[in-house]
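Engineer: Residue numbers (this note's numbering), protein chains in the order written: chain U, 1358 to 2350; chain S, 38 to 253; chain E, 4 to 464.
Please note that the accuracy of each hint is not assured.
Said to hold, decoys possible - Computed from the model, here is a short list of chain S residues facing chain E with C-beta under 8 Å:
(1) 47
(2) 191
(3) 194
(4) 195
Said to hold, decoys possible - Which chain S residues stay away from chain E? Per the calculated CB distances, all over 10 Å, these:
(5) 60
(6) 193
(7) 197
Claimed, not checked - List of simulated lysine-lysine pairs, DSS-like, C-alpha gap at most 25 Å:
(8) U:2110 <-> S:141
(9) U:2059 <-> U:1965
(10) S:91 <-> U:2277
(11) U:2277 <-> S:233
(12) S:141 <-> U:2277
(13) U:2277 <-> S:51
(14) E:298 <-> E:311
(15) U:1980 <-> U:1965
Calculated from the structure, these hints are not laboratory results. Idealized CB from N, CA, C, for every residue including glycine.
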Amino acid sequence: MFHKLTARLEGKPIDATPPSNDRGGFWRSLDEIRDAEVFRDYITERFPRFAAHLNVDRREFLKLMSASLALAGMGACSREPQEEIVPYVNASSGRVAGEPRFFATATTMGGFATGVLVESNMGRPTKIEGNPTHPSSLGSTDIFAQASVLDLWDPDRSQVVTRNGQIDTWENFGATLQRRLAALADKQGDGLRILTETVTSPTLAAQIDQLLKRYPRARWHQYDAINRDNIYDGTRTAFGETLDVRYALDKAQIIVSLDADFLGAGNARVRSARDFSHGRGAADGETRPNRLYAAASSPTLTSAMADHPLAVRAADIETAARNLAVALGVPAGTPAEISDESKTWFAACARDLQANRGASVVIAGESQPPYVHALAHLMNHALANAGATVTYSDPVVAHAENQTTSLRELCRDMDTRGVDTLVIIGGNPVYSVPSDLEFKARLTAVPFVARMGLYEDETSAACHWHLPATHFLEAWSDARAYDGTATITQPLIAPLYGGKSAHELLAWLVAGTLKSSYDVVRDYWRPRLGTDFESAWNSALHEGVIAGSMFPQRAVALKRDLSIDNRPPPASTDDSSLELVYTPDPSLWDGSNANNAWLQELPRPLTKLTWDNAALISPQLAKRLSLENEDVIELRLGNAMIEAPVWITPAHADRAVSISLGYGRTRAGRVGNGRGFNAYALRTSDAPWFAGNLQVRKAGRKYALATTQHHHAMNGREVVRVATVDEFERNAALRGAQQHQATRAASLYPPFKSDGYAWGMTINLSTCIGCNACTIACQAENNIPVVGKTEVARGREMHWIRVDRYYEGKPQAPRTHFQPVPCMHCERAPCEVVCPVEASVHDSEGLNVQVYNRCVGTRFCSNNCPYKVRRFNFFQYADQHTESLKAQRNPEVTVRMRGVMEKCTYCIQRIANGRIEADKAGRRIRDGEVITACQAVCPTQAITFGDLNDPASRVKAVKASPLNYALLGELNTQPRTTYLAKVTNPNPDVTAS
Amino acid sequence: MAQVFEPRLVLWLKLSALAVVAFFVVVILIWRISIAPHPSIGSPVEQIVPFSHKHHVSDVGLDCRYCHTTVETSAFAGMPPTDTCMTCHSQLFADARMLAPVRKSFASGQPLRWNRVHDLPDFVYFNHSIHVAKGVGCETCHGPIDRMPLTWRTATLEMQWCLDCHRAPEKYIRPRDQVFNLHWRPPGSQLILGKKLVEEYRIHTSSLTDCSICHR
Amino acid sequence: MPPAISSTVDPLDESRLKVLKGAYSYGSISDKISDIVLTRPTHWGWIAGFAFCSALTVLFVAAIAYLFYKGVGIWGVDIPVAWAFAITNFVWWVGIGHAGTFISAFLLLLRQKWRTSINRFAEAMTIFAVAMAGLMPILHLGRPWFFYWLTPYPDIMNLWPQWRSPLVWDIFAIGTYIIVSILFWYMGLIPDLATLRDRAAGRASQIMYGLAALGWRGEARQWHRFDTAYLLMAGLATPLVISVHSVVSLDFAIGNTPGWHSTIFPPYFVAGALFSGFAMALTISIPLRAIFGLKDFITARHLDNIAKIMLVCGLLVAYSYGVEIFMAFYSADQFEEYMIMNRMIGPYAPIYWIVILFNVIIPQCLWFKRVRLSVPTLFALSIIVNVGMWLERFMIIVTSLHRDFLPSSWGMFYPTFWDWAILLGSVGAFGWLFLMFVRFLPAISISEMRKLAHDKKGGDL
C-alpha cells in the first residue's frame, strides 16, 4: 500500500555516480560510470511512454483509482509480496548503501549560475540544496532550483533524435552534419549560424569562439526572452561600455527600486534577498531596518516588501525617475508633472537618499528602457553610492551584445537567404521570440536547422533535426554567477535518455569528432587552474566554486557627453488609453518551466493563482470597466489580439494591464500543454516590456481560475502582527507580555513535558519575502503530490507549508503581508484529542506526528485544526505508476496513499537521522545539525528551527525576542511554531501626509 | 390445526441453532487467521544460490561484518557485492555448479538477485546501525543464523514483536562487544545486566515507543 | 382504570379523539392487522412506494460502490469543509431514530395507552433509521476498510482506540442503541409472530413465523415472564433515548470550531432528534393508515398527540437557536460573533433562514387544534420539519467549518451529484426496508391492541 520507492529500486545498485576511485572524492568521466548502464536500462525498459502523468485529469484519475483500489483492497488482506535485494557487483568505496551523498554543482537561469548541493540517494538525484560557499546562493536557493530536479525525471523529456519528426540516430545526424560542415568550410562558414540562450559558461563561449575562428563568416546569436539588454544598454549610455552592475544591499540603508524586482527576478535573486534581509534587521529591534521605496507597474515581491510601494505605469517610471533625479540635483531635463501622491513620495524619497549618501542605492528594473538605467547610474554617482553600494564589473555574459538587435539581424539574414545552416542550442525561440519577428515562418525558409533541447517543443517541431539535450544533472559543464564566480557543474547521473550536452555538440561542430563534455570542460580549465591542476580541479568540484574566479570591480567614469538632460520628455500617454505590461511568470518564468508540475501548482506569490496566467488589473480599473475576477477580456494591441481572464490585483498600477509570459504552450508536454494564454502573441521586439494604447473589450465569457486563497483581509483578527519601528520601540515589552500570557494560559491538563529534545520553530515575518521557496522545497523533500487544477479549485492542494498573503489598507495602495503557515506542532494539539485511532499523536520530543499507516481518514483532525494546515488525500494523488517519478522520491519519507491525512512533520526524517547519528556518537544533536527543508532553502533565513531544551540554540534565543508571538495563541494551543511580528520602517513624513 | 413443530423437531431445531452459531464462530476464526500476515518462520526462502550461513559462519568462521559491511554505519546492513564472494570463490569451489550464477554475475556485471528474508512494510523505517550501537545482538532478531543451511526468519516482525523490545529493551540488549557473538548468553540475570546497559548506553526508553521512532 | 388514561381524554371532543375507534373483538383485531401481511395481492400504494424506494436503493448501492472505487474525493468535501453531507445525514438519521424508542419505552413507562398502536412501526423506523445512520460514518472514512480500527480489539499492533475521541464514544452509543432497540422490538414481536404462525396458510410461512416465534404458546406463564421482561427492556431503553444523541452532539461540542464548541449541544440535539423523529413518525403513519385502512387503530387522537409533542420539541429547538445567538455575543468572542453573523448574512444565509422558517415559525401553527386534526396539513408539516432538521444539521456542520479562524483558509462547500445520491439513496433504502417490514411483520402490535380492546370494554377510551 505505501512505498518509499519500489523495492526493486531500494536495494538495487542503481548508481549513476560511479565508483569514486583513487583520484579522490569525485568522479570524472562518463566512461567511468558502468553501473549507470543498469539504471538506464532499468528506466528505458520499464519506461511507460504514455503512462499516467502528473497532470491529473479525470480520466487519468479513473485509471489511477482502479489500480490503487485494487492495491488497497488486496493490501488489507494479503501475504507480504516476495521482494528482492540486489547487491552491487563491484564494491565501491565511499558509497554506503542507504546513505545519501551530496555533490556540488550549479543550476543556471538566464545563463547565470546558482551554486547547489544535490542529494543523491543510491545514485538518484532527489533533492537540491543551496551551496553555502557559492556567492549567489550562500546556502539558499529559489523555487526554480528546487523544481529543476523534477525536470530531470520528467517522463515528457525528449528521448530520441528525430529528423522531421521521425525517430533517427546520432550517427545519421553526425554524417549529415559532416557533409554540411565540409560544404561550409569552403565558404568560410558563410551561412552558418548558432543560436543559443544567454551564455556565461566560459567553456561554451571558448568553444563557440573556436568555431567562429574556424568559420570566420559564421555568426553567433544569443537570445533569451527575458534578457539583460536594458541593463547593458544602460551602462553603455552612462559609461560608454558594457558592464555588469552589482548591488551591495546589505550596506544600503535606503533602497529605491524603479520597477526593479531584485527579490523575485534578476541574476542575483537569492543573494539580493539575503543581503536585503540583513539590512532588514535581525528582528531584535536593535539594528534599525533599511527602508525600501519601490515603484512598480505590476506588483512584485519587491514592491510587496516595500515600506513605500508606489503603483505607477511602466511608461511613467521614466517621468518618476526624472523627477527623482532632478530632486537630487541630477540634470535630467524638465520632467513632466506627476500626481501629488507621487510628489510626496518622491520628495520623501529624495530627502532620505540625500541623508544617506553612500549608504543608499537606486535600482532600475530590467524592463525599464536604457535611459532609466542611465539615470539610476547618474543618481548613484551623485549620491556617492557608486563604489560603495553599487559596483561595476566586466559583463559576465559572453559577448554581451543587445540580444534583440542580434536576433533582428538573424531574421534579416534569414530573409536574404543568408542563412543556410542554423544550429539552435537550448531555448525555444519559435515560442518565445516576439511575434512581430515571425520567427517560425522565417525558420521554415532555412535549408538546414538542427535544434538541441531538453524537450521536443514548438521549436523542435519547426526544425529538421531535434537532438535530445542533457539535463544539467546529467552532463559536465560550467557557468558563472552574477559576480563572475565560475562553477564546474558536474553530473550526478548518466544521461537517462542518451542525450548529449551543448559542449559535445560544439566539439563536434568544431573538430568534427566526438569528445565527452568531461574532457571539453577539463581541457578548457587545465591551463587556467594553475600548476597543480588535479588538486585545484578536485577542490573546485568539492567547493562548487573555482577560487578567485570572481570578476574584479571596475572603476568606471560617467561619459562626458551625457545627452540626458536634453532628451525630450517621453510623449505623455493620454490618460484614457491603457498600458500593457509583460511580466515574467513568477513560476514558469519565460515558459521554460511550463512542464514542471511543481511550479505549475505553486501559488503565485501575490495572486495565489495556480495552473494559469491571467490579466492582472487594479481594483479601480475593474470598477471602471465593470469587470470581475474570471471575466474573459480581449486584449488588442495593433492588430494582434488575445483573450485572457481577469484577476483583480490590489497595488496594481491603474490604467495598466499586466500579463505574464510563459503560458499558452502547445508542445511543452502533458503538464504544460494548452494552459493559460500566450502573452508572446502580443509582444513585439521594439516594445518587449510594455506598450501603450491597449484596447480592452469584455468577451462576455468566464474562465475558471484556481486560486488557493479567497480572502485577503484579516477581518480584524490578529493574524499577522505588524508594527513600525517606532511603535515597536514604544511598546515592545507590552507585546512580549501579551504574547507570553496568551500562550501560557491556564489549562486543566498538566503542562506538556519533553525532557529530551523539544523541537521548535520561529518564522520572521519582517524578512519573509513570500517567495514560496519553502513551499516547493518542502514538496521536493516530503514527496508531496501534485493534484491538478480541478482539485486545487476545490481547495484540495497538498502543500504542507503555505504562504498566506494578506492585504491591509486601501485596495489601490494596500500594504502586503506574507505569512508562511506550516503545522504549528501545538503542545495542546486540538487534532490529537479527536483522532479515534491515535494516528495524530504527540511524540516525546513535542512533535505532533501523523501516522499515515494508522490513519483511517475521519478528517476530524482537520476540522479541529484552527490553522487548517492538514492536507487530505481525497484521491490517490501520489503517482504510483510513472517509474521515473518514483526515482525522484525521497526514500526517507512514506508516499501517502488515498484516504489518509498528512501535514508538516518538521522534516522528521532529518531529525531521526540526526538523532541516530548523535546517539551512535553518544552525544546530543548539535544546534544547526538538523535543518528543515524550508529553513535550508529560505533565501532570507526567516525560518529558525532547533531544540528548545538546548539553552544555547538559536531558536531559543529568537523566541526570547519581544516580537515573538503565537498565531491564535488565545486558543491556548501552545504552538511550537511561533512568529516574529513584522517590523516595517516607513518614512514618518509620508505616513503623516 | 396441527402443531407446526413436533417436540422432537423443536429439540433438533434448538441444537441446529447452536450449530449455526458455532459455524459462524469457526468461519470468523478461519478468516481472521487467513488474513494474518504469515510469518514465514522456520521455512527457508528460495535463493538463486543456496547460500548457507551455517557453512560460512560456523564452519568457515566469517564475521557478520565481512559481508554485511554497513551494518554499523547505515540503516541498511549491506549485501556483499559479487566480488566479495569471488574473493574466495575464485579459488575455492571455483567451478562448483551451484556457484555458476555468482561467476556469471561477476563476468557479466549483472548483479545477483536475492530474495528478501526479512521484509518490513515500507512505512516502517528500521535502522540497523543504531540497534547494533545500542547492543541489540544479531541473534536477537535473526536467530541462530549460524545454524541455518538456508536462511529463514525466526521473528514475526509484527509490531507487537518490535514493541516487546522497545517497551523493555533490558530484556534483550547485551554488551556492545557481544553483538556479533551468536552464542552469547547473559552471565547472570539478563534483567539486571539489561538495566545496567540501558543506563550505560543512554537508551531513552521514554521515546522508544513514539510512533515517530519507526513511522514517518 | 388508571387515572392516567382519563386524563389524556379530551373532554371537549370525546367522540373523535379515541385511541381505538369502532367496536372490535380480539379476532377482528387480529384479522385486520395480520391481513396486511397475509393477504396477497397487496394494495397498489404499497407496490408503487416499493418500486420507487427500490429504484433509490439501487442508486444508493451504486453510489457506495463508486465511492469505494474512487474515494471520498467524489464528494464535495474539501479543506476546510472536511465534513458535509455524510455527517449531516448521520446526525439526521440518528435523530429520526429517536422517536421509536421514545414512543415504545418512554411512553410505556408513562402508561400512555395511545402508544400501543404506533409503537411497533415506530420501533421499526428507529432500527432502520439507525442502520442508515450507522452506515454514514463508515462511508465517509478515507479508508473505510479499516473502520474496525475504531473498535477495541486485541491486535498484533498492540494498539487501542483513542478514548478521548468522541468518534469512539459514538461507536459505543450507536452500537448499544441499535442492539437494545432490536432486542426490544423483537421481543414485542414474539406473540404476534405466533399469531401469524397460527394464521399463516402456506407451510413455508408457517415454518418461518414458527421459527421466529420461538415456540410461543401464549401460556399464562409465558405472558407473565413476557410482561416483566418487556418492562425491564423498556427501562433499559429509556435512558438511551437521551444518551445517544447527547454523545453524537459531543462530536461537535468537543471540537473547538466556532459554532461547534458549545455546552448546549446535548439537550439541543436531543430535542432536535425527537422533533425530527416524531415528524418522521407522522410522515410514515399517515400513508400507512390510509393505505391499509388502519384509521380506526391510528386515530386522529394519535396524530394529535404526536403533533403536540412536536410542538414542544420545536419550542425547545427554537430556544436552543436563541441561546446560540445569545451566547455568541455574550461571550464577546470575535470568532463566535463572526460565526453567527456569517450564518445569518454569509454565503449560506438562505439555509439559516429556511431552518428558522421550517423549524421555528411554521411549527407554531400546531398551537391550533384545527391544524393538529387536519391530516393533509400534518403530513405537509411533517415533511417540512424533516427537511428543516436536515438543513439545521447541514448549517451547524458546514457553515461552522467553512469560515473558522484564519481567513486565508476559508473556503466553500458545493455538493456533487454523489453527495445527493448518498442522501436520497439512504432515504430510499430506509423506505425499502420499512415497506418490507410492513409486508412481512405486523406493523401494529396485535397482542397489545387486543389488550386495548379489553380495556375498552371496561370503559370508553
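Engineer: So which of those numbered hints doesn't the model satisfy?
Structural biologist: 2, 3, 6, 7, 8, 10, 12 and 13
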